[in-house]
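Using the sequences provided together with the hints, build the complete structure.
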Amino acid sequence: MSITELLHIKYPIMQGAMAQIAKAPLVAAVSNAGGLGIIASGGMSGEELRAEIQKTKALTDKPFGVNLMLMMTNIEELTTVIIEEGVKVVTTGAGTPKTYMPIWKEAGITVIPVVPSVMIARKMEQLGADAVVAEGTEAGGHVGETTTMALLPQVVDAVSIPVIAAGGIGDGRGIAAAFALGAQGVQIGTRFLATDECPVHENFKLACLKAKDRDTVVTGRRNGAPVRSIKNKMIKEYQRLEDENVDRDVLEELTLGSLRKAVQEGDTENGSVMAGQITGMITEIKPVDALIQEMMTQATETASALTIK
Numbered sequence: 002m003s004i005t006e007l008l009h010i011k012y013p014i015m016q017g018a019m020a021q022i023a024k025a026p027l028v029a030a031v032s033n034a035g036g037l038g039i040i041a042s043g044g045m046s047g048e049e050l051r052a053e054i055q056k057t058k059a060l061t062d063k064p065f066g067v068n069l070m071l072m073m074t075n076i077e078e079l080t081t082v083i084i085e086e087g088v089k090v091v092t093t094g095a096g097t098p099k100t101y102m103p104i105w106k107e108a109g110i111t112v113i114p115v116v117p118s119v120m121i122a123r124k125m126e127q128l129g130a131d132a133v134v135a136e137g138t139e140a141g142g143h144v145g146e147t148t149t150m151a152l153l154p155q156v157v158d159a160v161s162i163p164v165i166a167a168g169g170i171g172d173g174r175g176i177a178a179a180f181a182l183g184a185q186g187v188q189i190g191t192r193f194l195a196t197d198e199c200p201v202h203e204n205f206k207l208a209c210l211k212a213k214d215r216d217t218v219v220t221g222r223r224n225g226a227p228v229r230s231i232k233n234k235m236i237k238e239y240q241r242l243e244d245e246n247v248d249r250d251v252l253e254e255l256t257l258g259s260l261r262k263a264v265q266e267g268d269t270e271n272g273s274v275m276a277g278q279i280t281g282m283i284t285e286i287k288p289v290d291a292l293i294q295e296m297m298t299q300a301t302e303t304a305s306a307l308t309i310k
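With the working numbering applied, the sequence shown corresponds to residues 2 to 310, in that order.
I should point out that these hints are in silico values taken from the structure, not numbers from a laboratory.
Quantities reported herein were computed from a predicted structural model and do not represent experimental measurements.
Any given hint might turn out to be false.
[Stated by the list, open to error] Distance condition first, Cα-Cα at most 30 Å in a straight line; then the derived BS3-like pairs of lysine-lysine:
1. Lys-234 with Lys-89
2. Lys-24 with Lys-99
3. Lys-213 with Lys-234
4. Lys-106 with Lys-124
5. Lys-124 with Lys-89
6. Lys-58 with Lys-89
7. Lys-206 with Lys-237
8. Lys-56 with Lys-206
9. Lys-58 with Lys-24
10. Lys-232 with Lys-213
11. Lys-24 with Lys-106
12. Lys-232 with Lys-211
13. Lys-234 with Lys-262
14. Lys-89 with Lys-106
15. Lys-24 with Lys-89
16. Lys-58 with Lys-287
17. Lys-211 with Lys-287
18. Lys-232 with Lys-262
19. Lys-206 with Lys-232
20. Lys-63 with Lys-99
21. Lys-287 with Lys-63
Below is the structure:
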């Protein structure tokens with residue numbers, strides 16, 4: 002079964018669950034355009050998630066999903082809301098879905114964990130995952146260490162369930178490349194930041210437009226919590242403190258509320274502008290529907306033109 006058949010969508014494109022960003026306006030726009038929008042539930046209470054699901058339902062009659070960060074303490078509450086609201090797709094990260102997998106499967110939910118390695122991909126298949134997202138270190142936000150181009154074909158060879166590629170995909174050429182490496186779909190986050198429907202401050206979008214190919218950096222590897230963001234004043238200070246081997250508490254104090262500062266307040270110097278390495282490819286802000294149509298056309302043309310002599 003293809004990803005489009007599994008998820009009941011027109012195009013094999015999933016929208017990444019970007020914290021504090023992947024909410025109803027963006028999620029519904031992606032689903033209406035033929036992809037799968039995904040609500041990022043991180044930091045939400047059960048009722049906050051319910052409200053976001055209902056807002057999304059008011060904007061689209063197409064399928065959409067919810068991402069669950071499994072390190073959160075209220076996963077049981079969020080699971081109850083997802084089942085009660087009839088959401089049929091869950092993506093997971095930051096932990097193992099083992100405890101909740103039987104509950105989700107009994108409710109008829111399609112479960113797609115995001116994985117950074119072959120070992121974890123195999124484990125997710127054993128637990129009953131319907132597919133996995135193989136995410137390379139080029140992605141924005143929390144990342145692993147292996148690049149998408151190296152990780153993707155290894156995961157494809159290691160599991161029998163569908164594999165969705167993520168990390169470093171910003172146009173139709175990236176989609177075609179992912180399929181050439183064995184993916185059945187793609188998950189895209191950063192490129193959707195620069196869309197009309199993305200509910201982030203205009204300064205955040207402009208930061209993505211201004212960023213060049215080497216303007217993102219990963220911090221937090223020493224503490225086991227690597228995050229890719231666009232370099233700014235706060236990130237440079239974080240790097241300086243990391244080099245001095247300060248206590249983790251000092252680093253956490255520096256970043257406290259930093260994502261909100263960037264996303265909601267537009268403070269792109271002292272906030273965390275999480276974005277992937279494809280920011281250097283982004284040159285304009287456009288509607289989600291136009292972007293998806295453009296990417297799919299380019300993907301088809303790229304695949305058709307590909308010849309190896």
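Do the hints match the structure? See the list:
no.: 1; hint: Lys-234 with Lys-89; in the structure: violated, 41 Å
no.: 2; hint: Lys-24 with Lys-99; in the structure: holds, 26 Å
no.: 3; hint: Lys-213 with Lys-234; in the structure: holds, 16 Å
no.: 4; hint: Lys-106 with Lys-124; in the structure: holds, 16 Å
no.: 5; hint: Lys-124 with Lys-89; in the structure: holds, 22 Å
no.: 6; hint: Lys-58 with Lys-89; in the structure: holds, 13 Å
no.: 7; hint: Lys-206 with Lys-237; in the structure: holds, 20 Å
no.: 8; hint: Lys-56 with Lys-206; in the structure: holds, 23 Å
no.: 9; hint: Lys-58 with Lys-24; in the structure: holds, 12 Å
no.: 10; hint: Lys-232 with Lys-213; in the structure: holds, 10 Å
no.: 11; hint: Lys-24 with Lys-106; in the structure: holds, 25 Å
no.: 12; hint: Lys-232 with Lys-211; in the structure: holds, 11 Å
no.: 13; hint: Lys-234 with Lys-262; in the structure: holds, 13 Å
no.: 14; hint: Lys-89 with Lys-106; in the structure: holds, 10 Å
no.: 15; hint: Lys-24 with Lys-89; in the structure: holds, 17 Å
no.: 16; hint: Lys-58 with Lys-287; in the structure: holds, 23 Å
no.: 17; hint: Lys-211 with Lys-287; in the structure: holds, 15 Å
no.: 18; hint: Lys-232 with Lys-262; in the structure: holds, 15 Å
no.: 19; hint: Lys-206 with Lys-232; in the structure: holds, 14 Å
no.: 20; hint: Lys-63 with Lys-99; in the structure: holds, 28 Å
no.: 21; hint: Lys-287 with Lys-63; in the structure: holds, 21 Å
The structure fails to meet hint 1 from the earlier list, while all remaining hints are met.
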